[in-house]
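Peer 1: For reference, the chains in residue letters:
Protein chains: 2
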Amino acid sequence: MNGRGFLIYNGGEKMKQKMIIYDTPAGPYPARVRIALAEKNMLSSVQFVRINLWKGEHKKPEFLAKNYSGTVPVLELDDGTLIAECTAITEYIDALDGTPTLTGKTPLEKGVIHMMNKRAELELLDPVSVYFHHATPGLGPEVELYQNKEWGLRQRDKALHGMHYFDTVLRERPYVAGDSFSMADITVIAGLIFAAIVKLQVPEECEALRAWYKRMQQRPSVKKLLEIRSKSS
Amino acid sequence: MNGRGFLIYNGGEKMKQKMIIYDTPAGPYPARVRIALAEKNMLSSVQFVRINLWKGEHKKPEFLAKNYSGTVPVLELDDGTLIAECTAITEYIDALDGTPTLTGKTPLEKGVIHMMNKRAELELLDPVSVYFHHATPGLGPEVELYQNKEWGLRQRDKALHGMHYFDTVLRERPYVAGDSFSMADITVIAGLIFAAIVKLQVPEECEALRAWYKRMQQRPSVKKLLEIRSKSS
Chain L
1 MNGRGFLIYN GGEKMKQKMI IYDTPAGPYP ARVRIALAEK NMLSSVQFVR
51 INLWKGEHKK PEFLAKNYSG TVPVLELDDG TLIAECTAIT EYIDALDGTP
101 TLTGKTPLEK GVIHMMNKRA ELELLDPVSV YFHHATPGLG PEVELYQNKE
151 WGLRQRDKAL HGMHYFDTVL RERPYVAGDS FSMADITVIA GLIFAAIVKL
201 QVPEECEALR AWYKRMQQRP SVKKLLEIRS KSS
Chain Z
1 MNGRGFLIYN GGEKMKQKMI IYDTPAGPYP ARVRIALAEK NMLSSVQFVR
51 INLWKGEHKK PEFLAKNYSG TVPVLELDDG TLIAECTAIT EYIDALDGTP
101 TLTGKTPLEK GVIHMMNKRA ELELLDPVSV YFHHATPGLG PEVELYQNKE
151 WGLRQRDKAL HGMHYFDTVL RERPYVAGDS FSMADITVIA GLIFAAIVKL
201 QVPEECEALR AWYKRMQQRP SVKKLLEIRS KSS
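Chain order of the listed sequences is L and Z.
Quick note: the first sequence uses full-length UniProt numbering, first residue 1, plus one each step.
Quick note: the second sequence uses full-length UniProt numbering, first residue 1, plus one each step.
Mixed in with the good hints, there may be bad ones.
Stated by the list, open to error - Under the rule of at most 25 angstroms between Cα atoms (straight-line distance), these lysine-lysine pairs were calculated in the PhoX-like manner: (1) LYS59/Z - LYS105/L; (2) LYS105/Z - LYS105/L; (3) LYS59/L - LYS60/Z; (4) LYS105/Z - LYS40/L; (5) LYS59/Z - LYS66/L; (6) LYS59/Z - LYS158/L; (7) LYS66/L - LYS105/Z; (8) LYS149/L - LYS199/L; (9) LYS158/Z - LYS55/L; (10) LYS40/Z - LYS105/L; (11) LYS66/Z - LYS60/L; (12) LYS158/L - LYS40/Z; (13) LYS18/Z - LYS158/L; (14) LYS149/Z - LYS158/L.
If you are wondering where the hints come from, they were derived from the structure by calculation, not from laboratory data.
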């Protein structure tokens with residue numbers, strides 16, 4: 001690992017923590033962790049190692065040894081601990097400085113943020129991903145060894161319904177899980193990033209969702225991510 | 001709500017909190033929250049309201065108004081807040097008494113527990129559920145309005161691979177996310193409960209997983225749950 005690192009608050013003592021993230025800069029799921037890192041001012045503390053999904057590197061034994069599920073991103077700590085899954089990585093980095101800002105402090109905040117985050121996965125981001133992998137060319141025939149088009153098309157429709165749902169949510173509150181920005185907003189942002197990749201338009205009538213997304217794109221963390229994406233895609 | 005309740009620690013002050021949970025006693029996903037409640041000694045503080053999945057009550061408008069995704073369990077607080085999704089409900093109840101025991105205290109514990117919990121969903125519990133709903137009669141033709149058998153059978157195979165994966169994990173450590181019992185163990189337990197429902201045997205060669213499950217079934221929280229299940233199924 002290079003010299004990058006970050007002083008962490010780990011149960012009372014400050015420790016130097018180096019972090020590697022295996023991901024792909026333009027990926028919608030990696031965007032979740034990159035935005036979270038930027039929100040926590042930790043982006044510069046991480047060394048990014050690129051995994052080429054188009055070459056199927058995430059399905060090769062050496063990567064599957066890092067993450068059984070074969071997905072990016074994966075966080076590696078200097079003691080070799082590997083943490084996969086965006087919610088898990090976000091929980092980790094949010095707690096590093098002892099003051100969670102993305103995953104909630106009180107029981108109620110934790111419960112609502114985790115519910116809306118999971119709902120954003122279930123009803124928007126993951127369905128778009130399944131549509132991409134099963135009902136579009138996806139990562140290409142070398143990588144998409146099995147496709148179920150009927151299932152993929154149903155997931156596309158589910159994602160569109162999900163956009164209407166989040167539109168109703170955002171008509172009533174400024175952020176996905178309530179009055180402040182959280183991990184749940186990041187997951188909906190990733191869903192809309194992926195939707196744009198597969199040319200799934202946010203319906204015109206989803207005015208609140210569209211306005212919210214414009215607002216989110218002004219956040220420095222999201223602006224930075226979108227810049228990185230445009231350079232690398 | 002009846003007089004049941006529980007003193008909670010909410011950012012410094014103790015508050016009386018009443019809780020209703022809409023679920024079905026024999027359900028594998030409800031088992032996740034019932035086991036968590038038992039682990040936290042809160043089971044008696046909750047009023048359970050039964051939702052009949054076989055009659056499709058979870059897909060009716062009045063229930064969908066409680067949970068857009070139409071799944072159980074759903075937690076309702078005395079101020080009317082509704083929290084769906086087992087991980088979110090577990091995060092909430094685990095933080096209620098100010099001393100999380102299921103979702104981790106340090107950044108590392110939080111990260112690893114949430115990763116293994118999500119992996120247990122992705123690689124075992126959810127695939128068994130999709131197999132049940134799409135490649136078996138599931139909840140019956142009145143409720144299962146769309147089935148994709150090919151997809152369901154692939155998910156069955158994914159779940160069996162998942163059992164082998166968790167067997168390798170449990171050859172090296174006493175619990176799914178490390179040295180102590182956590183939310184991740186509960187999700188694997190729910191996966192094996194659901195596997196038994198659909199008659200998906202844990203392979204003989206998965207000795208560590210089988211031994212771990214025997215051990216888990218001795219825990220008072222799991223024993224209680226299995227008793228409730230046998231009475232109500």
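Peer 1: Verify the proposed pairing of LYS18/Z with LYS158/L, using a straight-line Cα cut of 25 angstroms.
Peer 2: 34 angstroms, violated
Peer 1: Taking 25 angstroms as the top limit, are the C-alpha atoms of LYS66/L and LYS105/Z close enough?
Peer 2: 24 angstroms, holds
Peer 1: Verify the proposed pairing of LYS59/Z with LYS158/L, using a straight-line Cα cut of 25 angstroms.
Peer 2: Roughly 15 angstroms separates the two Cα atoms, so the pair holds.
Peer 1: Assess, step by step, whether the Cα of LYS105/Z is no farther than 25 angstroms from the Cα of LYS105/L, and give holds or violated.
Peer 2: 12 angstroms, holds
Peer 1: Checking one constraint from the list: CA of LYS40/Z to CA of LYS105/L, max 25 angstroms. Satisfied?
Peer 2: 19 angstroms, holds
Peer 1: Regarding the pair LYS59/Z and LYS105/L, is the alpha-carbon distance no greater than 25 angstroms?
Peer 2: 32 angstroms, violated
Peer 1: Given the hint that LYS149/Z pairs with LYS158/L, test it: the Cα-Cα distance must not exceed 25 angstroms.
Peer 2: Cα-Cα ~19 angstroms, so holds.
Peer 1: Against the 25 angstroms threshold, does the CA-CA distance of LYS105/Z and LYS40/L hold or violate the hint?
Peer 2: Holds, because 19 angstroms separates the two Cα atoms, which is no more than 25 angstroms.
Peer 1: Has the given pair, LYS66/Z with LYS60/L, been kept, meaning a C-alpha gap of at most 25 angstroms?
Peer 2: This hinted pair is violated, its Cα atoms lying about 42 angstroms apart.
Peer 1: Mind checking the alpha carbons of LYS59/L and LYS60/Z for me, to see if they're no more than 25 angstroms apart?
Peer 2: 40 angstroms, violated
Peer 1: Hint check: LYS158/L vs LYS40/Z, CA-CA at most 25 angstroms. Holds or violated?
Peer 2: This hinted pair is violated, its Cα atoms lying about 36 angstroms apart.
Peer 1: So if I understand the rule, the pair passes when the alpha-carbon distance is 25 angstroms or less; does LYS158/Z with LYS55/L pass?
Peer 2: The hint holds at about 23 angstroms.
When held up to the earlier numbered hints, the structure conflicts with 1, 3, 5, 11, 12 and 13 and fits the remainder.
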